[in-house]
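Engineer: As a plain string of letters, each chain reads:
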Amino acid sequence: MEKLYGLIENLTSYPGVSGFEDMAFEGLKEYISSLNIFDEIGTTSVGSFYGIMRCGKKDAPLILCDAHLDTVGFVVTEICEGGFLRVAPIGGIAAKILSATEVNIYGKKTIKGIFASKPPHLQEPGESEKKLTVADLCIDTGLPLEELKKIVRVGTPVGFPCKLQKLIGDNLAGAGFDDRLCGAAILRALMMLDKKSLNVDVAFQFSGNEETGYKGAMTTAYRLNPDKAIVIDVTHAFVPGAPKTREGTKAGNGPDICFSPQTNRAFTKYAVSLAEKEEIPYQLSAAPGRTGTNSNAVQTTRNGIPVLLVSIPLKNMHTMSEIVNMNDALSTAKLVSAVLKSL
Amino acid sequence: MKDLIKKYCNLLGPSGMEDSVREAIIEDIKDSGAEYQTDAIGNLIVFKKGKKRRNKKVLLSAHMDEVGFMVKYIDEEGYAWFDSVGGVDRRVVSGRRLVFCESNIPAVVASKAIHMQTLEERGKCEPISEMHIDIGATSREEAKKYINIGDCAVFEPNYEEFGDGLVRSKALDDRFGCAALVKMINGELEYDTYFAFNTCEEVGCDGAKEVAHNLRPDVVIALEATTAGDILGVSKSKCACSVGEGAVLSIMDRSTIYDQTLLELAVETAKEKNIKWQYKNVVAGGNEAGVYQRAASGARVLAISAPARYIHSASNVLAMSDMEAVYQLAAAINERSFE
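Keeping their order, the protein sequence lines are chains A and B. Under my numbering, residues 1 to 343 are what the first sequence spells out, in order. Under my numbering, residues 1 to 339 are what the second sequence spells out, in order.
Derived from the structure by calculation, the hints contain no laboratory data. Just so you know, not all the hints are guaranteed correct.
As the list claims (entries may be wrong) - With a cut-off of at most 25 angstroms between alpha-carbon atoms, the simulated DMTMM-like pairs for lysine to aspartate or glutamate come out as follows: (1) B/51 x B/245; (2) A/244 x B/130; (3) A/150 x B/130; (4) B/124 x A/129.
As the list claims (entries may be wrong) - Quick look at which bits of chain B chain A covers, simulated, 3 or more residues with Cβ under 8 angstroms: (5) 65–79; (6) 110–123; (7) 128–140; (8) 201–212; (9) 220–234; (10) 292–300; (11) 307–321.
Computed from a prediction, not measured in an experiment: that's the story for all the values here. C-beta atoms are modelled at their ideal positions from N, C-alpha and C, and glycine is treated no differently.
Construct the entire structure; sequences and hints are all you get.
Structural biologist: Next up, the structure:
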């Protein structure tokens with residue numbers, strides 16, 4: 001668990017708003033190299049980082065583990081009088097969480113910003129009940145316009161800083177857990193393996209551009225050309241007010257294994273039986289349409305790649321206070337490790 | 001003063017639970033030679049002798065409490081349903097990190113993921129009374145080991161320097177005022193002066209009522225944080241006051257028409273001492289001055305405030321220079337005899 005926490009702490013420390021993943025590359029390369037897991041690492045032009053771990057056996061099949069590197073965020077659209085910024089969202093972000101929220105602005109240097117909130121004396125009666133969009137808001141940088149212009153330009157990405165906070169019951173709050181958390185779970189899984197005793201080579205892709213159309217996953221999977229793939233992403237843990245169909249996925253009940261037309265049924269059933277055999281807690285979910293993950297992008301790559309989708313239940317997704325039960329992340333690592341060991 | 005402001009801001013003290021703030025203030029003034037006492041409700045009243053006496057009883061006042069949240073109900077799944085203590089805009093609450101007072105249990109205000117919001121829900125913010133706090137518990141029994149009904153939480157401590165000479169933190173309203181008074185108490189005073197560190201300002205200026213009744217001051221100067229609306233798209237005429245433009249003098253707000261003689265004295269003093277100041281140019285808000293003005297047989301009141309963006313949120317933004325100006329102006333006025 002401590003190793004996993006260390007991985008999460010490191011992986012959530014890099015910027016990497018969708019489309020701007022290269023900001024994470026240098027730190028990732030240095031950190032992941034230091035873990036001594038991979039025989040080869042690299043990055044792609046569509047924002048993905050990857051590593052390959054070879055078992056040393058000739059013609060060993062290649063199994064891909066995918067998580068996505070990018071996070072939701074914003075991009076600066078206008079630099080305004082008084083040191084304020086207008087931004088557009090990158091990925092789905094609810095405007096209702098933004099007023100008076102802290103952000104990092106990744107300009108020539110990283111500076112802090114705070115989403116402005118309208119003071120009560122300027123609000124019409126009942127205004128707080130009305131709908132709000134990101135376009136209604138602006139970011140306060142506290143800097144004079146001229147100084148701000150030297151640091152920020154139109155196109156500068158903005159993201160939530162990740163402040164990790166341990167909660168009771170092995171829960172952890174932070175930002176960017178979607179999907180850095182799953183990158184950490186994959187690395188933790190690979191650390192559990194003795195690569196020489198494997199019968200497969202393993203590739204890890206930390207894909208770019210997931211939140212904005214799965215582009216990193218489809219291109220990196222194409223490049224790596226795996227025989228099978230495990231896509232690991234976060235899923236919504238049930239919370240009050242969520243639809244009834246989501247009640248089956250609860251934080252603390254283990255990794256969520258997903259049945260969907262966008263995943264491979266045989267591979268999925270195999271993982272379920274393995275979880276039973278290895279006594280790894282798990283829960284089942286069904287996505288009759290889209291999974292909303294990289295699963296489809298990877299599955300439809302080249303001649304088709306059988307995909308298993310395993311998800312870590314997460315509360316408050318796409319906010320600065322996502323919450324994960326660390327036991328779920330650790331069980332996910334164990335499940336991924338068990339699958340790789342068994343193939 | 002900076003260190004004091006930081007220290008006080010990072011304490012957890014919503015209305016009715018100001019004990020930790022009061023204890024810290026007492027610790028900081030106990031060697032100043034001032035006399036102090038805590039009244040039955042928790043207000044801290046300080047008297048410090050100056051070089052001279054004056055006929056008027058002069059009181060400088062700040063409040064110790066901050067806005068916060070109180071648990072009303074814990075459900076079967078371990079979530080705590082709550083409402084605000086003091087006025088908090090519903091739109092600065094969702095997704096925020098909180099800390100429970102006394103127990104220090106960290107918590108998150110749950111925020112249903114955008115993917116699970118219906119079209120009707122999107123962009124809308126539910127009232128605070130319909131939000132819930134997640135401490136990581138999975139059942140009522142588990143949650144009740146850590147928190148209970150009536151427990152209070154505040155925004156997590158987060159003091160930091162920001163932008164160009166600015167500070168952002170929870171609770172700068174009015175811990176900076178407390179810091180300014182502490183600095184005055186620890187300095188040399190021209191005249192005998194009373195100081196009050198009050199409870200429960202955010203829920204109706206209750207602390208000031210007791211202090212006014214107890215002391216019966218002739219002149220009261222309230223040190224406060226006041227809403228600055230100087231954000232993008234707001235014209236100067238509507239912004240009330242601007243961050244970085246100096247100490248704010250109020251002419252009138254929702255509870256007080258300020259004493260004109262005191263106001264003129266404040267303007268004169270600011271000009272004389274070359275202290276940056278501005279008028280609050282809208283009639284909005286209110287503070288303890290309104291209570292002092294109408295308590296017992298009444299008092300002449302003045303408010304000197306620091307402009308604060310995003311007041312009553314996790315990110316009050318104030319300029320260090322404005323907070324210094326408030327201190328300087330209050331200290332300079334207090335050198336007057338008020339005859």
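Engineer: Evaluate each hint against the coordinates.
Structural biologist: Each hint tested on the structure:
no. : hint          : result
1   : B/51 x B/245  : violated, 33 angstroms
2   : A/244 x B/130 : holds, 19 angstroms
3   : A/150 x B/130 : violated, 43 angstroms
4   : B/124 x A/129 : holds, 6 angstroms
5   : 65–79         : holds (count 3)
6   : 110–123       : holds (count 10)
7   : 128–140       : holds (count 6)
8   : 201–212       : violated (count 0)
9   : 220–234       : holds (count 8)
10  : 292–300       : violated (count 0)
11  : 307–321       : holds (count 7)
Hint compliance for this structure: hints 1, 3, 8, 10 are broken, all remaining hints hold.
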